[in-house]
Amino acid sequence: MIIGTALMGAIGACLRFYVGQLAVWRQASRFPFSTLVINVLGSALLGALWGLYEQLLINEWVWQWLGVGLLGAFTTFSTFSYELLQLIQQKRIGAASAYILATVILGVVAAAVFRAAVLFL
Amino acid sequence: MKEIEVKAMQAYRWVALGGATGVFLRGIISELYPLANDFHIVWINIIGSFLIALLFTMFPAGLYDRLRWTLGSGMLGGFTTMSTFSLDLLKLMETKQWLLAVQYLTLSIIGGLLAAWLGYALGNRLKSKGDSA
Numbered sequence: 144m145i146i147g148t149a150l151m152g153a154i155g156a157c158l159r160f161y162v163g164q165l166a167v168w169r170q171a172s173r174f175p176f177s178t179l180v181i182n183v184l185g186s187a188l189l190g191a192l193w194g195l196y197e198q199l200l201i202n203e204w205v206w207q208w209l210g211v212g213l214l215g216a217f218t219t220f221s222t223f224s225y226e227l228l229q230l231i232q233q234k235r236i237g238a239a240s241a242y243i244l245a246t247v248i249l250g251v252v253a254a255a256v257f258r259a260a261v262l263f264l
Numbered sequence: 834m835k836e837i838e839v840k841a842m843q844a845y846r847w848v849a850l851g852g853a854t855g856v857f858l859r860g861i862i863s864e865l866y867p868l869a870n871d872f873h874i875v876w877i878n879i880i881g882s883f884l885i886a887l888l889f890t891m892f893p894a895g896l897y898d899r900l901r902w903t904l905g906s907g908m909l910g911g912f913t914t915m916s917t918f919s920l921d922l923l924k925l926m927e928t929k930q931w932l933l934a935v936q937y938l939t940l941s942i943i944g945g946l947l948a949a950w951l952g953y954a955l956g957n958r959l960k961s962k963g964d965s966a
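From first to last, the protein sequence lines stand for chains A and B.
Take 144 as the starting number for the first sequence in this note's numbering and just add one per residue.
Take 834 as the starting number for the second sequence in this note's numbering and just add one per residue.
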């Protein structure tokens, strides 16, 4: 099972790399929007997946492969910390605070909303 | 132009290789050393933050792209995770374990930031030593 999870992780990491390289972000290169969008999107999808798993609509394998592997690798914490450090080193405390708040609040809310949506459907 | 495209295609191979390794390591650690309330994810994220800052500081972009793709974007990006972080936090809040939720949140953010700073400082020191040698 863990081999499959790791393989899904390879896909997740590539998807993240692909999204991160999109030209859209170049216009706003002063703020790490790409990581923010990736993390919030991944949290939302993991919330939905957790809803399905709770309802026993998907089994352990699907949860491990898509949740732990694909979405786990798609989202990232290390880049978040590193970008946060860079913002602080540039003395952009407002941007750094906004980055933390946006990532944490939007991530949790997105997970909650998507999970609720799955339970509701 | 063509050379750039080839380089971009190669990047995915290395990111994929690293990503699989990172997820594998996260799976192994979660399995072997699980902590109550999923706090092992906190440690995984802190360690990953330290290592990525160390890596990116020691090996600047342009010169070491392959290393940065494989170990940074791939392995450490796949090793650490934000989606599970959000979901764990949601679960703690839903079960009204507020103290644990606050601990989980502050340990992750402050720990991750301090770890990144430590990695950056160590990376700079190692780099300047390497340059002067």
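Honestly, the hints are just simulated from the structure, not real lab data.
The beta-carbon is built from N, C-alpha and C at its ideal position, and this holds for glycine as well.
A hint or two may mislead.
To be verified - Quick look at which bits of chain B chain A covers, simulated, 3 or more residues with Cβ under 8 Å:
| id | region |
| --- | --- |
| 1 | 849-858 |
| 2 | 880-886 |
| 3 | 916-922 |
| 4 | 937-943 |
| 5 | 947-960 |
Tell me, which hint numbers fail for this structure? none
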